[in-house]
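2 protein chains.
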Amino acid sequence: MPDFEKLYQKLVDTSRETAVLSSIQMQLEWDQETYMPSSSIDLRSKQLEMLAHFVHKSATSPKFKKLLGSLVDLKHGTYASSDFNHEQLANLREWRRDYLRTAKLPASFVRKFANTTSHALHAWSEAKKASRFKLFLPHLDKIIQLNRKKADLLGYHDHPYNALLDLYEPEMTITELTPIFAKLKLALMNLLREIQTKPVPHTDFLLKHYPPQQQMVFAHLLLKAMGFPPERSRLDLSMHPFCSGTPLDLRMTTHVHHENPMANFFAVLHEGGHGLYCLGRPAERFGEPLSESVSLGVDESQSRFWETIIGHSLPFWRNFYPLLQEEFPDQLGGIDLESFHRAINYVRPSFIRIHADEVTYSLHIIVRFELEKAFIEGNLKPKELPEAWNEKMREYLGIVPSKDSEGCLQDIHWAMGMMGYFPTYTLGNLYAAQLFQTLQKTFPDWETKIAHGDLSFLREWLKEKVHKYGRRYPPKELMHKATGQPLSEQPYIAYLENKYRSLYDL
Amino acid sequence: MPDFEKLYQKLVDTSRETAVLSSIQMQLEWDQETYMPSSSIDLRSKQLEMLAHFVHKSATSPKFKKLLGSLVDLKHGTYASSDFNHEQLANLREWRRDYLRTAKLPASFVRKFANTTSHALHAWSEAKKASRFKLFLPHLDKIIQLNRKKADLLGYHDHPYNALLDLYEPEMTITELTPIFAKLKLALMNLLREIQTKPVPHTDFLLKHYPPQQQMVFAHLLLKAMGFPPERSRLDLSMHPFCSGTPLDLRMTTHVHHENPMANFFAVLHEGGHGLYCLGRPAERFGEPLSESVSLGVDESQSRFWETIIGHSLPFWRNFYPLLQEEFPDQLGGIDLESFHRAINYVRPSFIRIHADEVTYSLHIIVRFELEKAFIEGNLKPKELPEAWNEKMREYLGIVPSKDSEGCLQDIHWAMGMMGYFPTYTLGNLYAAQLFQTLQKTFPDWETKIAHGDLSFLREWLKEKVHKYGRRYPPKELMHKATGQPLSEQPYIAYLENKYRSLYDL
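Those protein sequences? They're chains A and B, same order as listed.
Per numbering that gives the first Met the number 0, the first sequence starts with residue 0, numbered consecutively.
Per numbering that gives the first Met the number 0, the second sequence starts with residue 0, numbered consecutively.
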């Protein structure tokens, strides 16, 4: 009779070695986006390539496979011992899940994929700069082919898109998503149309000069209020904000544009949401699935919760707006709270997804979701993309980009080879609204608390409901446990209707 | 007949892989000293331990050994082909040198050494804090034993200390050092005694409040004048200033104390000297000895050249002092150049090596050199250190520390296991003075050029004479070629006599 506890501990140790290597990758990527001198890019690529090799080798080593296989049947998923506790079972389940996925993709395919996307990224960057879709077209074609091949290699039920979606949002299916997105689309289009009949709020005071140094004072004040301990986290600058690291070494970044301070503060709240999710996971379980992010959708629910639901709310700014005015008396001294609140919630169709407001954001996502689904099905040819894109933009948002750089070339995701990723952005919003609905019931006085500057109950509640579990439950199950409801578009629609009917006096 | 060119190229590629891994180590160490949140220290140790393992594995891999052995006889050093050019021969010579040294130390010894110094470092830190030598004594004892063992394993002629010295300053011997250091000691003691009969310069204006932000403006101005391209280098803050990186990604740090601005500026010039040496080596030879620093002594000659010989000189401040006054008008507006120059060259015996002036600095080094030599010879027992230390301080510098934290516990080197390292600090000063003597002959108008803000001729001359060669020649040979003279204490003594007789009106 094998000593299962001992084997399990060895498996944990082996997995931790892989995680140490991955954490080095993260550190180098962080440095590349923050402080690395530009001429170091070639060496950095070589460093990352070498680490990727080591990580892959470690995660698929015969030693790891043998240990894992001795504790759980790799083919059928049955466990070797009935003495494992629930946490051990969850770790074994997720290790198996990761291992099988990695093992299904032959090294030759992984190399070809990496090579293709490396060239595609370069071509995309040039194509976007020149706004010439043709430069990107042959690469997009290859990427679609490779993603269909990837789906075949991974295996799927019903629809090849499910295999891709599952990479980013485990167990999510197109069958579940399609009706939800369809209902959401209709509701958003209707709400948008109504809003567009109303007068446009003043926003000019947000476009004055806000000195970067003062912006950063306020950014740090936000993070402090969210509860970030400086000995475990930091905030730096990068072109595109992001969050990476471990629960004991969290690295967040933001961007500073001196004429758009809110882009900075909302980036801080967004990355702060990701950051609290990371800090809330058990640091002592480093290297185990139980300390990892469960899905992109759930991760995004945390960032959108803080950025939009809390960070764009009136109670939040009841507390913070006077502090913001204090930091920027010349720019905001004469603007009252309600005008500020209307300005930051200004809804209008626009071309660029990452600048979209809450109401139009998911319409941008649905455009992409429908197009990449059609790509994978073979119902849309790559060369038809610009026309199809513009047609959907016209239909859902009522505007048509005049150039592809503001249309189908704007996002990096497809060039990076990622299809099935976009829906997780909207899933994040849906989950966030479901969490918010539950929170309101749990804390009927939430508005008063937040208006008095108390954010700790939010952090602690999210930690208890979501963060502390890591990958203990699959994402849908985790969210069902946290909210008592299955995935639904209704809470998000209700939240938006409630907020914007009041704001726009509909 | 083997294809030697092809084998050689394979060897370069293999060596480059090791260098990529080492460069990751450097990056993580840089991050640890600059931006890493404190709670990440355990993970960082694990990351570095893993990388050290990979580096060692790569540098001693059977593949590397086989390739190297096919091009140069590992035992006798004879080359397999007469077609190698001089640069290839230099690379092969240095690869063999590194390989043999690494191979001579068994893995078990390396582990024991690492383990011992890890504990010693901790104990030293506690001992220094409490100023209790006894806490460090048992660890010092072990470290001396291990260094003697190390010398035996590495092998040596004449004296075991030579084996250790050779680790930091290839081909330097105690036979050569001893008479040089003896003559230097006498000359410095005499000069110091004479200076001490003279009035003390005013220095109070250097101890006023100098706002850190303004200090950094001036620090960057210095680096710009030295010729650092921002796309290849950067300056950050750390507790102890250092310089690391590659010719395409140079990382320098400094420290800022608001009441001691010169400590910041001299650190910038010092690390800048190391930095220019790095930038001046051939980036395209990354991974080859020809792109590496040839010795600690030569590296230190570059930092001391810029920090002391140039950076403490009158012509240098003729150009920069008006700019410094402009940045700090309240602190320096009423102080003339000559008073400032006397203040930054104030000579007085003090306890702490790293704060010592040019005249007393090498006396601190000689104290340590004589003591560690006696340790290795067995002529000094570890427990006798405090007394021996204080006795030498009294004799050479005329002062006795009242506590060991300001005496024999001040340096980290022995706790890190490094014996044979200290002399390279003084070698750096000797080499710098020899280079300076040559420079003065080459550019008779050097003072005028520098006083007009031209530093580029210094940078270019040092690059041509020293930097570009990497490890092409052993350090002594390189310096002989650059200066036309063998190693000697005379140029340094002459430089100090000349400077301080004039400054102190002796």
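Keep in mind that a hint or two might mislead.
A pair holds if it fits inside one copy or across any two, identical chains being indistinguishable in the list.
[Unchecked claim] The list that follows gives simulated cross-link-like pairs (lysine-lysine, DSSO-like), each with its CA atoms no further than 27 Å apart:
1) Lys45 x Lys56
2) Lys65 x Lys382
3) Lys56 x Lys74
4) Lys402 x Lys128
5) Lys111 x Lys9
6) Lys45 x Lys9
7) Lys45 x Lys5
8) Lys182 x Lys480
9) Lys45 x Lys467
10) Lys103 x Lys64
11) Lys9 x Lys56
12) Lys133 x Lys402
13) Lys74 x Lys62
14) Lys133 x Lys440
15) Lys382 x Lys133
16) Lys65 x Lys45
17) Lys62 x Lys184
18) Lys498 x Lys402
19) Lys448 x Lys223
20) Lys440 x Lys65
21) Lys197 x Lys56
22) Lys182 x Lys5
23) Lys480 x Lys9
Keep in mind the hints are simulated off the structure, nothing from the lab.
Verification of the supplied hints:
1. Taking CA atoms no more than 27 Å apart as the test, Lys45 paired with Lys56 passes in both settings, with 17 Å inside one copy and 18 Å between copies.
2. Taking CA atoms no more than 27 Å apart as the test, Lys65 paired with Lys382 passes in neither setting, with 47 Å inside one copy and 53 Å between copies.
3. When the C-alpha separation of Lys56 and Lys74 is checked against a cutoff of 27 Å, the pair qualifies only within one copy, where the shortest distance is 21 Å, while the shortest distance between copies is 35 Å.
4. Only within a single protomer do Lys402 and Lys128 lie at most 27 Å apart by alpha-carbon distance; the minimum there is 11 Å, versus 66 Å between protomers.
5. Taking identical chains as interchangeable, the C-alpha atoms of Lys111 and Lys9 lie at most 27 Å apart only when they sit on different chains, with a minimum of 25 Å there against 33 Å within one chain.
6. Only between protomers do Lys45 and Lys9 lie at most 27 Å apart by alpha-carbon distance; the minimum there is 17 Å, versus 31 Å within a single protomer.
7. In the homo-oligomer, the alpha carbons of Lys45 and Lys5 lie at most 27 Å apart only across protomers (22 Å), although the nearest pairing inside one protomer, at 37 Å, exceeds that limit.
8. Taking the closest pair of Cα atoms, Lys182 and Lys480 come within 27 Å of each other only inside a single copy of the chain (24 Å); across copies the shortest separation is 81 Å, beyond that limit.
9. In the homo-oligomer, the alpha carbons of Lys45 and Lys467 lie at most 27 Å apart only across protomers (24 Å), although the nearest pairing inside one protomer, at 36 Å, exceeds that limit.
10. Taking CA atoms no more than 27 Å apart as the test, Lys103 paired with Lys64 passes inside one copy only; the shortest distance there is 13 Å, against 36 Å between copies.
11. Both within a single protomer and between protomers do Lys9 and Lys56 lie at most 27 Å apart by alpha-carbon distance, with minima of 17 Å and 23 Å respectively.
12. Taking the shortest Cα distances, Lys133 and Lys402 sit within 27 Å of each other inside one copy (13 Å), while across copies they are farther apart (75 Å).
13. For a Cα distance limit of 27 Å, the shortest separation of Lys74 from Lys62 inside one copy, 17 Å, qualifies, whereas the shortest one across copies, 38 Å, does not.
14. Proximity of Lys133 and Lys440 under a CA criterion of 27 Å is satisfied in neither setting, with 52 Å inside one chain copy and 63 Å between copies.
15. In this homomeric assembly, Lys382 and Lys133 come within 27 Å of each other (Cα to Cα) only inside a single copy, at 8 Å, whereas the closest approach across copies is 78 Å.
16. Within a single copy, Lys65 and Lys45 get their C-alpha atoms only as close as 31 Å, which misses the 27 Å cut-off; across copies the closest is 24 Å, which meets it.
17. Taking CA atoms no more than 27 Å apart as the test, Lys62 paired with Lys184 passes in neither setting, with 49 Å inside one copy and 60 Å between copies.
18. Proximity of Lys498 and Lys402 under a CA criterion of 27 Å is satisfied in neither setting, with 33 Å inside one chain copy and 69 Å between copies.
19. In this assembly of identical chains, Lys448 and Lys223 lie within 27 Å of each other by CA distance solely inside one copy; the values are 17 Å within and 52 Å between copies.
20. Proximity of Lys440 and Lys65 under a CA criterion of 27 Å is satisfied in neither setting, with 48 Å inside one chain copy and 71 Å between copies.
21. In the homo-oligomer, the alpha carbons of Lys197 and Lys56 never lie at most 27 Å apart, since the shortest distance is 59 Å inside one protomer and 69 Å across protomers.
22. For the homomeric pair Lys182 and Lys5, neither the shortest alpha-carbon distance inside one copy (51 Å) nor that between copies (65 Å) is at most 27 Å.
23. Taking the closest pair of Cα atoms, Lys480 and Lys9 never come within 27 Å of each other, the shortest separation being 32 Å inside a single copy and 57 Å across copies.
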